[in-house]
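Enquirer: Chains as they are written, first to last, in full-length UniProt numbering: chain A, 1 to 314; chain B, 1 to 314.
Simulated from the structure, these hints should not be mistaken for laboratory data.
One thing to keep in mind: the hints can contain errors.
Which copy? The list can't say, so a pair holds if one copy fits it or any two copies do.
As the list claims (entries may be wrong) - EDC-like, lysine to aspartate or glutamate: derived pairs with alpha carbons at most 20 Å apart:
hint, residue 1, residue 2
1, Lys46, Asp124
2, Lys79, Asp22
3, Lys155, Glu92
4, Lys292, Glu49
As the structure is a prediction and not an experimental result, all values here were calculated from the model.
2 protein chains.
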Amino acid sequence: MKILNLFELSAQNRAKLAALGDVEVIDGDKLGGNAKNIDVIYGWGKPAESVLAQSNKLKFVQSNSAGVDYLPLAEFKAKQISLANVSGIHAEPISEMVLAYILSFARGIEASHAARREHNWIGDQIRNQIYTLTNRTVVIFGTGHIGQGIAEKLKAFGVTTIGVSRHGRPAAHFDRVVTDKSGTVEAAKADFVVNIMPLTAETRHFFNPAFFDQMENQPVFINVGRGPSVDTKALIDALDTHQLAGAALDVFENEPLEATSPLWEMDNVIITPHISGGFREYGQAAFNIFYKNLTTFIQTGTIAINQVNLSAGY
Amino acid sequence: MKILNLFELSAQNRAKLAALGDVEVIDGDKLGGNAKNIDVIYGWGKPAESVLAQSNKLKFVQSNSAGVDYLPLAEFKAKQISLANVSGIHAEPISEMVLAYILSFARGIEASHAARREHNWIGDQIRNQIYTLTNRTVVIFGTGHIGQGIAEKLKAFGVTTIGVSRHGRPAAHFDRVVTDKSGTVEAAKADFVVNIMPLTAETRHFFNPAFFDQMENQPVFINVGRGPSVDTKALIDALDTHQLAGAALDVFENEPLEATSPLWEMDNVIITPHISGGFREYGQAAFNIFYKNLTTFIQTGTIAINQVNLSAGY
């Protein structure tokens with residue numbers, strides 16, 4: 001069995017794969033004429049495309065991300081290729097990132113950063129303006145395990161957590177969950193609005209002028225989901241017109257965020273370079289999922305965990 | 001009974017004081033010739049000094065801060081003036097501030113801010129460098145209610161919490177508490193070091209070259225206690241020589257921080273303008289303590305809660 005590796009593999013993990021017996025790992029830069037013989041792909045990238053075009057043996061792709069919107073899902077479905085994501089390992093890092101954003105706004109750190117450029121001490125101006133999270137309301141679009149992880153952390157700070165999902169079913173750590181339609185009504189009254197929805201046809205430009213126009217309470221908008229769920233021009237307008245008090249953005253319609261984007265220079269906007277799910281042990285955590293799936297795949301031809309529904313897209 | 005008000009009083013709270021009967025509230029700017037007739041001071045400032053010099057009736061001062069190092073404690077003691085602080089209302093806002101600082105460093109927000117000046121997208125450089133708080137170690141100097149509040153929040157993130165106090169007695173939410181001497185040894189191995197000690201003769205310049213020289217693990221240093229507990233020059237040297245990975249500072253030896261301070265321009269340093277204890281409802285929370293003490297003082301001549309030990313200084 002030939003595995004095309006397009007992510008990262010420690011020496012220890014390469015040894016673990018070798019110990020499985022009939023397994024050969026080929027790194028992306030050494031694919032050469034092997035594209036037609038690949039059975040499994042770990043990660044994704046240019047070399048994967050030639051495998052997809054040439055190999056009839058490809059039956060399992062293990063992505064190294066949670067979102068899989070960048071993959072040719074229809075082609076996977078047509079060719080009966082099983083796809084797994086690494087959903088589950090992002091809850092802790094993304095939850096912590098969202099708490100960092102929210103606390104930075106609540107506690108005046110973002111305001112202090114802006115004043116700092118002028119060496120400006122604004123204690124007396126903001127000391128009575130800043131606030132604690134107690135009894136604040138955060139509306140989270142997406143109630144999967146990451147959304148639940150965010151809600152769990154927020155509950156430790158006395159926050160009211162409202163989830164929004166297609167089905168509106170109750171989920172752990174949410175005070176209540178509503179459906180998409182009611183979500184905007186809830187967001188309108190919230191202190192913070194968080195997007196962690198997957199990108200699908202339905203969520204593309206979900207956060208558009210119509211959405212921002214309904215905000216009543218000047219929330220801070222946080223995107224740790226996918227960039228194209230947001231209409232960037234509408235977001236910038238909503239910030240300019242103070243429909244939003246601020247934004248914290250980890251993902252963007254175009255990544256890297258173009259150097260000419262006005263977002264870079266806007267006050268009350270935190271920009272991070274698509275890192276919210278990252279952490280030092282990510283490679284090992286992703287490998288653990290891949291290894292579990294690979295061993296099952298070798299034995300049974302199916303995968304054990306994290307299989308993506310290729311029609312739903314997540 | 002005449003009360004000199006040097007803090008803030010809402011109309012509602014003024015009415016509550018008036019309802020106590022023989023109570024007259026005099027605001028600082030209307031003190032005039034009344035200095036010698038003042039019985040009680042709420043807050044502190046210039047007019048209080050003339051009261052202290054002239055009034056034999058002054059028997060109770062309710063400060064509007066937790067730390068009281070800026071007050072003439074020896075004179076209070078000699079004149080048998082009872083002093084109360086508002087300790088207890090800062091735990092939530094300061095805990096949230098410390099979590100914001102720590103998460104900003106852990107999750108790469110501080111690094112992203114530094115890169116942002118150049119519109120620089122550093123995702124690939126830092127995504128695998130950043131980390132979650134799980135199993136990190138935070139050493140907190142000061143195990144009173146604020147220290148405990150910080151530790152409580154950190155436990156929600158899976159952090160190992162080590163407290164340092166003079167007595168070394170166990171305290172809530174700390175995995176363990178050690179005495180001053182062992183504190184430096186613990187700090188040397190920590191990921192974050194937090195100061196929330198009161199300022200006393202013993203804590204002045206506690207964080208000095210000898211302290212920073214012992215750091216082995218490049219911790220981030222956080223000061224939400226008092227500025228003079230830190231030797232600023234030693235702190236800057238420790239940052240320059242990478243004995244520290246960074247710092248988050250809310251208090252300074254001189255406040256406002258002078259515009260010429262090199263700290264303003266240093267990367268990996270978060271500066272906030274002495275706001276960590278602030279929040280919108282602070283005035284009401286402080287008044288609640290004052291009101292409780294005042295009613296007891298009127299009835300019995302003593303105060304009910306938050307009395308400062310004038311010899312210890314906190």
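Enquirer: If a hint holds in the structure, say so; if it doesn't, say that too.
Expert: To see whether the hints hold, each was checked on the structure:
With identical chains, the CA atoms of Lys46 and Asp124 are at most 20 Å apart between copies only, with a shortest distance of 18 Å across copies and 54 Å within one. In this assembly of identical chains, the alpha carbons of Lys79 and Asp22 never lie at most 20 Å apart, being 24 Å within a copy and 88 Å across copies at closest. With identical chains, the CA atoms of Lys155 and Glu92 are at most 20 Å apart both within one copy (15 Å) and between copies (14 Å). With identical chains, the CA atoms of Lys292 and Glu49 are never at most 20 Å apart, being 24 Å at best within one copy and 73 Å at best between copies.
Of the numbered hints listed earlier, those contradicted by the structure are 2, 4.
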